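Asker: Chain residues, written in single-letter form:
2 protein chains.
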Amino acid sequence: MNNFNFYSPTLFVFGKERENEAGKLVKRFGGTKVLIHFGGGSVIKSGLLDRVKQSLTAEDISFVELGGVMPNPRSGLVYTGIEICKREKIDFVLAVGGGSVIDSSKAIALGALYDGDFWDFYQGKAMTKALPVATILTISAAGSEGSGNSVITHENGMLKRGCGGDALRPVFSVLNPELTCTLPAYQTACGATDMIAHVMERYFTNTQEVEITDRLCEGILLTIIKEAPKALVNPADYDARANLMWAGMVAHNDVCGVGREQDWSTHGLEHELSAFYDVAHGAGLAVMFPAWMKYVMNHDVMRFAQMAVRVWGCEMDFQQPEKTALQGIYKLEQFLISIGMPVRFSGLGAKAEDIPTLVKTLFSSGAATLGNFVKLNADDARKIYELAV
Amino acid sequence: MNNFNFYSPTLFVFGKERENEAGKLVKRFGGTKVLIHFGGGSVIKSGLLDRVKQSLTAEDISFVELGGVMPNPRSGLVYTGIEICKREKIDFVLAVGGGSVIDSSKAIALGALYDGDFWDFYQGKAMTKALPVATILTISAAGSEGSGNSVITHENGMLKRGCGGDALRPVFSVLNPELTCTLPAYQTACGATDMIAHVMERYFTNTQEVEITDRLCEGILLTIIKEAPKALVNPADYDARANLMWAGMVAHNDVCGVGREQDWSTHGLEHELSAFYDVAHGAGLAVMFPAWMKYVMNHDVMRFAQMAVRVWGCEMDFQQPEKTALQGIYKLEQFLISIGMPVRFSGLGAKAEDIPTLVKTLFSSGAATLGNFVKLNADDARKIYELAV
Numbered sequence: 001m002n003n004f005n006f007y008s009p010t011l012f013v014f015g016k017e018r019e020n021e022a023g024k025l026v027k028r029f030g031g032t033k034v035l036i037h038f039g040g041g042s043v044i045k046s047g048l049l050d051r052v053k054q055s056l057t058a059e060d061i062s063f064v065e066l067g068g069v070m071p072n073p074r075s076g077l078v079y080t081g082i083e084i085c086k087r088e089k090i091d092f093v094l095a096v097g098g099g100s101v102i103d104s105s106k107a108i109a110l111g112a113l114y115d116g117d118f119w120d121f122y123q124g125k126a127m128t129k130a131l132p133v134a135t136i137l138t139i140s141a142a143g144s145e146g147s148g149n150s151v152i153t154h155e156n157g158m159l160k161r162g163c164g165g166d167a168l169r170p171v172f173s174v175l176n177p178e179l180t181c182t183l184p185a186y187q188t189a190c191g192a193t194d195m196i197a198h199v200m201e202r203y204f205t206n207t208q209e210v211e212i213t214d215r216l217c218e219g220i221l222l223t224i225i226k227e228a229p230k231a232l233v234n235p236a237d238y239d240a241r242a243n244l245m246w247a248g249m250v251a252h253n254d255v256c257g258v259g260r261e262q263d264w265s266t267h268g269l270e271h272e273l274s275a276f277y278d279v280a281h282g283a284g285l286a287v288m289f290p291a292w293m294k295y296v297m298n299h300d301v302m303r304f305a306q307m308a309v310r311v312w313g314c315e316m317d318f319q320q321p322e323k324t325a326l327q328g329i330y331k332l333e334q335f336l337i338s339i340g341m342p343v344r345f346s347g348l349g350a351k352a353e354d355i356p357t358l359v360k361t362l363f364s365s366g367a368a369t370l371g372n373f374v375k376l377n378a379d380d381a382r383k384i385y386e387l388a389v
Numbered sequence: 001m002n003n004f005n006f007y008s009p010t011l012f013v014f015g016k017e018r019e020n021e022a023g024k025l026v027k028r029f030g031g032t033k034v035l036i037h038f039g040g041g042s043v044i045k046s047g048l049l050d051r052v053k054q055s056l057t058a059e060d061i062s063f064v065e066l067g068g069v070m071p072n073p074r075s076g077l078v079y080t081g082i083e084i085c086k087r088e089k090i091d092f093v094l095a096v097g098g099g100s101v102i103d104s105s106k107a108i109a110l111g112a113l114y115d116g117d118f119w120d121f122y123q124g125k126a127m128t129k130a131l132p133v134a135t136i137l138t139i140s141a142a143g144s145e146g147s148g149n150s151v152i153t154h155e156n157g158m159l160k161r162g163c164g165g166d167a168l169r170p171v172f173s174v175l176n177p178e179l180t181c182t183l184p185a186y187q188t189a190c191g192a193t194d195m196i197a198h199v200m201e202r203y204f205t206n207t208q209e210v211e212i213t214d215r216l217c218e219g220i221l222l223t224i225i226k227e228a229p230k231a232l233v234n235p236a237d238y239d240a241r242a243n244l245m246w247a248g249m250v251a252h253n254d255v256c257g258v259g260r261e262q263d264w265s266t267h268g269l270e271h272e273l274s275a276f277y278d279v280a281h282g283a284g285l286a287v288m289f290p291a292w293m294k295y296v297m298n299h300d301v302m303r304f305a306q307m308a309v310r311v312w313g314c315e316m317d318f319q320q321p322e323k324t325a326l327q328g329i330y331k332l333e334q335f336l337i338s339i340g341m342p343v344r345f346s347g348l349g350a351k352a353e354d355i356p357t358l359v360k361t362l363f364s365s366g367a368a369t370l371g372n373f374v375k376l377n378a379d380d381a382r383k384i385y386e387l388a389v
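Chain order of the listed sequences is A and B. Residue numbers for the first sequence follow our numbering, beginning at 1 and rising by one. Residue numbers for the second sequence follow our numbering, beginning at 1 and rising by one.
Since the hints were derived computationally from the structure, they do not count as laboratory data. It is possible that part of the hints are untrue.
Stretch by stretch, here's where chain A covers chain B in the computed footprint (C-beta under 8 Å, at least three residues) [stated by the list, open to error]:
#1 1 to 8
#2 201 to 213
#3 220 to 234
#4 329 to 341
All values reported here derive from a predicted model rather than from experimental measurement. The beta carbon of each residue, even a glycine, is placed where N, CA and C say it ideally should be.
All chains, full assembly: derive it from the sequences and hints.
Answerer: Here it is, written out as structure tokens:
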């Protein structure tokens, strides 16, 4: 096991109707003037935004609203948000929505205390401070409610890039599973896939002897595999939604990923797809992960066999463990199909002839390789995209 | 799943030689005058205490030392520590040791900012504040390094009582598995048993549909069952020690216990044993848990069967699930024996004739019942003690 620091100071406020505590929570964490950041009509139509505003008003906290965050959140709205924060002397950013809204909020919070271009941080600049961010989560997926990470797409070149640091950990996150009961099936499935991917990026590692985090990862995967179909069959199944919501948090606050090298090349491969075609991140991951797995499997067949046995219930083939490993990948694919996810380029509207462009953009930052489990060069990336066609 | 708050703001600093960062960490969290609290000779002999002091001195942080914490830490030293803190204007308590040292440090930190008797908090008074506490952990067991809990034995009546609150969460905890490599086998096994017990107190619940926390609990148990024997066979096995150390933290910071009713009656039953006979807490738990399980098993046979199958690898008996459930308890007992733990009163030097006294003290606070999974009255407690004879 490697040395590590683990710091997850977010206060998680979980359960029914907890969003009504937003005002008290903002006050507790020192907010006096809030930017409420959100996406489209659903938080308005559902009445959630009104409840949050009432809760702030009840505590005499003033606020400015900024809606309009789109999936794969863009830099344009971030610049607008930063400008508002500086002009209005905002001291607290409250994200009401899913991963895109939270990531956009984090970017605004970073930029609000920085004189330069916020994009610097997404190009590798180390962060030192940001406005406090809090979240009221409406979809179990990105894990951004408990992580110090943010992913933004810059409209200049459609570059999708991430950054991370403790300053971006939300001070509190309200997780009310009820808010996710009205999600369409496709978004629910995309969210589940995103969580699975967050765990698998950590699972495939070259670090040896990491049983505790292996087991935590496997436990999270087993939960998602059991609960996601229940939420699809009965969208109002509170307990299924609740299990998914806590699974999504622990999948990405890194409690299951510390002390081990992590991979993250599949997220890199996917980011090009969602930036280029504007498809859902989860759907892109459903397409790219099986392809990546098939390509790198022989690097450590036993690790793939372990997941196949422990998570997918495969019988171990002690003579030919690679058969077990492959069976696990096959079962993952079948699961993704069963929850309505695409597993090939065609399901995303992606095209084989775009692969050279995808590869080129992927390596445009100048890095020679991608990922850690297997370090992929541009030729590897091309072959993995081709496996996904 | 029940509503809950989860707040674990401790910075965990994990890995080889990390104790040398103690001074920088104390400074980061605002400490200027530190009470270093520790136990007996081992932290002195090993040179750990000297390294910690050097690290503080290097940052110009002054300190006062208070050693002498014994297992099942007593109120007497807590009163001494509180007096020192008040007299010397201490603003930070640094625990160097295991659960007993940490629990004693938390009690001192509470009392240092309170005009009354610190014991009030162990008799149910709600806490509001404490001095910041940090830990340098030397044994994987109590999980006190990541929890907001403390257990102290009051010398007036030998009452062993616990208290908890966010103010007691350590601001940082240094977890260096190397420091545990010199632990005697018996202490290693007691620590592993304590961790198992922390998970099982959470696992046996009446809350339905808690798959995510069930799976996290099971993953932690599977890890301890695999890694503890490795640490016993080869005490210097760093990776086994590292896996146990992180398992011990996640077993008790409550990430695996939120949203579900927890039991904790076995800890209550055990506290009487360790207070009365001054035996190791882990050893007492090894004796009491199987007895409690046999007594309450029929309350929810399927929950016991689930643990038997998922954790102990038992084959499910679909006709007679109670056989599977019993087999799981049997396997737990066999495991405890295999790591050198007692599983009967005789192994602790406890006597059947003391049972009436144990039961009387257990219910001396006036509570009518103990625990939640099954609410135990005094007669139930007596029968469980008798099962352990």
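Asker: Report the numbers of all earlier hints that the structure fails to satisfy, in ascending order.
Answerer: 4
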